[in-house]
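*Asks:* Take a look at the letters that make up each chain.
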Amino acid sequence: MIQLEISEQHQKTYENARLLAEHMMRPYSRKYDKAEHTFPKEMEEVSAILAQNASKPRGDKPEKDSATVKNGGNIAAVVGMQALAWGDLGLFLAIPGSGLGNAAINAVGTAEQRAKFGKTYAAMCITEPGTGSDSANISTTAVRDGDEWVLNGEKIYVTAGQQSDTLVVWATLDKSRGKAAIKSFIVPKGTPGCEVTRLEHKMGIRASDTAAISFSDCRIPLENILGNAEIAVDEEGRKKSFGGVMQTFDNTRPPVAAMALGIARAALDMARDLLSKEGIFLDYSTKPSNCSAIEAELYKMEAEFEGARLLVLKAAWMADNGKPNSKEASMCKAKGGRMGNYVTLRCVELCQSLGYSEQNLLEKFARDSKIVDIFEGTQQIQQLIVARQVLGKSSSELK
Amino acid sequence: MNSRVENKLFDLTRDDEQRMSQETMERFAANEIREVAKNADEVGATPSSFFEKTAELGLALLPIPEPLGGAGMLRSPVSNSLNAQDLAWGDLALALGTISPQAFVNTVLDQGTDAQREQYLPKFCDGRFLAASTALTEPRATFDPMVPQCTARPDGDDYVLSGEKCMVPFGESAELLLVIAYLEDNGPRAFVVEGSPKGLTRTREEHMGLRTLELATLRFEDTPVPASAMLGEKAFDLQRFVSLSRIGLCSLAVGCCQGVLDYVTEYVNERTAFGEPISNRQAVAFMVADMAIELDAMRLMTLRAASRAEQGLDFHEQAFLAKVACAEHAMKIGTNGVQLLGGHGFCR
Numbered sequence: 154m155i156q157l158e159i160s161e162q163h164q165k166t167y168e169n170a171r172l173l174a175e176h177m178m179r180p181y182s183r184k185y186d187k188a189e190h191t192f193p194k195e196m197e198e199v200s201a202i203l204a205q206n207a208s209k210p211r212g213d214k215p216e217k218d219s220a221t222v223k224n225g226g227n228i229a230a231v232v233g234m235q236a237l238a239w240g241d242l243g244l245f246l247a248i249p250g251s252g253l254g255n256a257a258i259n260a261v262g263t264a265e266q267r268a269k270f271g272k273t274y275a276a277m278c279i280t281e282p283g284t285g286s287d288s289a290n291i292s293t294t295a296v297r298d299g300d301e302w303v304l305n306g307e308k309i310y311v312t313a314g315q316q317s318d319t320l321v322v323w324a325t326l327d328k329s330r331g332k333a334a335i336k337s338f339i340v341p342k343g344t345p346g347c348e349v350t351r352l353e354h355k356m357g358i359r360a361s362d363t364a365a366i367s368f369s370d371c372r373i374p375l376e377n378i379l380g381n382a383e384i385a386v387d388e389e390g391r392k393k394s395f396g397g398v399m400q401t402f403d404n405t406r407p408p409v410a411a412m413a414l415g416i417a418r419a420a421l422d423m424a425r426d427l428l429s430k431e432g433i434f435l436d437y438s439t440k441p442s443n444c445s446a447i448e449a450e451l452y453k454m455e456a457e458f459e460g461a462r463l464l465v466l467k468a469a470w471m472a473d474n475g476k477p478n479s480k481e482a483s484m485c486k487a488k489g490g491r492m493g494n495y496v497t498l499r500c501v502e503l504c505q506s507l508g509y510s511e512q513n514l515l516e517k518f519a520r521d522s523k524i525v526d527i528f529e530g531t532q533q534i535q536q537l538i539v540a541r542q543v544l545g546k547s548s549s550e551l552k
Numbered sequence: 292m293n294s295r296v297e298n299k300l301f302d303l304t305r306d307d308e309q310r311m312s313q314e315t316m317e318r319f320a321a322n323e324i325r326e327v328a329k330n331a332d333e334v335g336a337t338p339s340s341f342f343e344k345t346a347e348l349g350l351a352l353l354p355i356p357e358p359l360g361g362a363g364m365l366r367s368p369v370s371n372s373l374n375a376q377d378l379a380w381g382d383l384a385l386a387l388g389t390i391s392p393q394a395f396v397n398t399v400l401d402q403g404t405d406a407q408r409e410q411y412l413p414k415f416c417d418g419r420f421l422a423a424s425t426a427l428t429e430p431r432a433t434f435d436p437m438v439p440q441c442t443a444r445p446d447g448d449d450y451v452l453s454g455e456k457c458m459v460p461f462g463e464s465a466e467l468l469l470v471i472a473y474l475e476d477n478g479p480r481a482f483v484v485e486g487s488p489k490g491l492t493r494t495r496e497e498h499m500g501l502r503t504l505e506l507a508t509l510r511f512e513d514t515p516v517p518a519s520a521m522l523g524e525k526a527f528d529l530q531r532f533v534s535l536s537r538i539g540l541c542s543l544a545v546g547c548c549q550g551v552l553d554y555v556t557e558y559v560n561e562r563t564a565f566g567e568p569i570s571n572r573q574a575v576a577f578m579v580a581d582m583a584i585e586l587d588a589m590r591l592m593t594l595r596a597a598s599r600a601e602q603g604l605d606f607h608e609q610a611f612l613a614k615v616a617c618a619e620h621a622m623k624i625g626t627n628g629v630q631l632l633g634g635h636g637f638c639r
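Chains A and B are the protein sequences, given in the same order.
Take any residue in the first sequence, count from 1 to its spot, add 153: that is its number in my numbering.
Take any residue in the second sequence, count from 1 to its spot, add 291: that is its number in my numbering.
Hints are supplied without guarantee of correctness; some may be wrong.
[What the hints assert, rightly or not] With the C-beta cut set under 10 Å, the calculated list includes, among others, these residues of chain A facing chain B:
1) Gly271
2) Leu427
3) Lys430
4) Glu431
5) Ile433
6) Phe434
7) Tyr437
8) Phe458
9) Arg462
10) Met471
11) Asn474
12) Glu481
13) Gly545
[Said to hold, decoys possible] Below 25 Å or equal to it, Euclidean Cα-Cα: the simulated PhoX-like pairs (lysine-lysine) are:
14) B:Lys299 <-> A:Lys223
15) B:Lys623 <-> A:Lys453
16) A:Lys165 <-> B:Lys299
17) A:Lys476 <-> A:Lys355
18) B:Lys623 <-> A:Lys546
19) B:Lys623 <-> A:Lys476
20) A:Lys523 <-> A:Lys453
What the hints contain is simulated information worked out from the structure, not anything from laboratory work.
Every value quoted in this text rests on a predicted model; they were computed, and no experiment measured them.
Where a beta carbon is used, it is the ideal one built from N, C-alpha and C, also for glycine.
Construct all of the structure, not just a fragment, from the sequences and the given hints.
*Replies:* What follows is the structure in structure tokens.
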């Protein structure tokens, strides 16, 4: 049955996370925007509360057959993410345990790997100085030596690379064999040969460190590979092995798009609050062409926000119900990213000096939101994925 | 019992009935609408038998209670939206004509009295197409549907209407019209206007688009209507009427844009330039991707408003925002569709 409200349970998830964001994140937004590269220690408490909520017994769940519609973890993730990113995206990314590496370990790790590393803060190392969106082109190598892997190479743009305890590192077993030879490896921080060489200074999300990490003859135990060490030989196997890696992005793109929802909502809430003090309200009745330019622009932003929000929910709902959602995940990431950029910057402009001044957070929201249209696949990469699916093109036809 | 819990989950699955009518609507849109759309646009008229065929879809009589001769189906804003979307895939103007009588019927069901239902609705149940529609829009650049300037004033036991309405579907020939007017000192009201009362002039107008549809301007000069023709016993809920209309228009926009997307997808995949399909180029492909993205957002916003209306939740903000989004993006999708076809898009 077509119904586009989120369930009561997820509404509660949203409200709880929103309270947490309001009281335990937002008050520190400016502090860590200024103090770049300082670990926001206040987030440890947020992490503890989130962990506690996550491990709460959920009570009896009715047995559900596969024909029943499900609203599960994927919707919960986007709903919670929107609320926390409303608080502060930089601080969210600095919450221990929020890393992409954690997602990878939990998704494909063995029971032992999950037990040993699942609760640590795991960062993801994919990008290299010469390789961004074309992640199949990485050059970091992993070579087997007895019962160890030896890693060599340089990784950049590692979110929380400094702060994390564990790294999940993409490396190739044999570059000449392409995508199929790319595997990921778990490297505990402090392993000899693994070194943080630089922290980036950034436009936004300054509360979250972004590190360059080098690996020189960095040795890890054989069991630290995620998945198996085989290199597929036939075309289908190659597609499957790398496709499997890329598919994890189908699950992570909606939550990243939800980050854009959170920041955009924060900017809209703040702008509307500031404007209401000057007598500007929305009645959702006068049509935009009869309104003031400010009101019309606010309506447009609210509409863009709502469109993006529903695309995110749709992609998450598909994931919850086992429907392939590669196209929809990229659609919501594309729409979310550009909506976030448009809304946050427009809020700065509409509020003029109040928007541009550091006395308010609007300028910070605009700076923070930019990253959402870049990481986890840029706007253009998402458009490429959507276009290929809509047009029925392969990656060699539509490059 | 279980369904209560289920109903509150986010879900985009059409139910069995909606799936069945999807098949019917899609077939009708492809075979009966798209087939005649181009020629109908060129001659600026609907083929004579077209609306009789639409009567077979039963859209108007579905929600009418069985005792009045209808099918007695529960009125569903979501199903209505889906039907409008599926039909408008074929052609926006013909779909708008097809669902216009439904707007009249639904408003009488929604806000009319029992006596009014008994008086007007059986006319829709004899299997033939009845030209009926609603008259809301007025010919002013700053027209606001919430503030009609067409007026009604009491005249003895009855009322007289004054003012102008425009873009009224079947405006020249409609047997039944629902006219929205402002009742002096009271607020908005809806009046059923039957046949050709004195003081009503109907003038056919031509437009940039919607050319097949018989759109007319109605001029009321002290036009008498009986008191029994004023819809409902209480004040007319104009906001509700306007919001439901907005959902209808957004649904038509969604269907029309889906038609554009499907047409363009096929074209750019077949059209070659420089030795390969033009869809192999990002400049083309990204436009198509953006069409698909914005179209899906339009669809979801429209369905959310419809589904809130169906559940009895407040839905005005959602309908308002859906209209804002559809007005912006439908235009972009349409003109980008023309652009992607190049000269072929510009030529009729």
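*Asks:* For this structure, which hints from the list above don't hold up?
*Replies:* Numbers 1, 2, 3, 4, 5, 6, 17, 19, in rising order.
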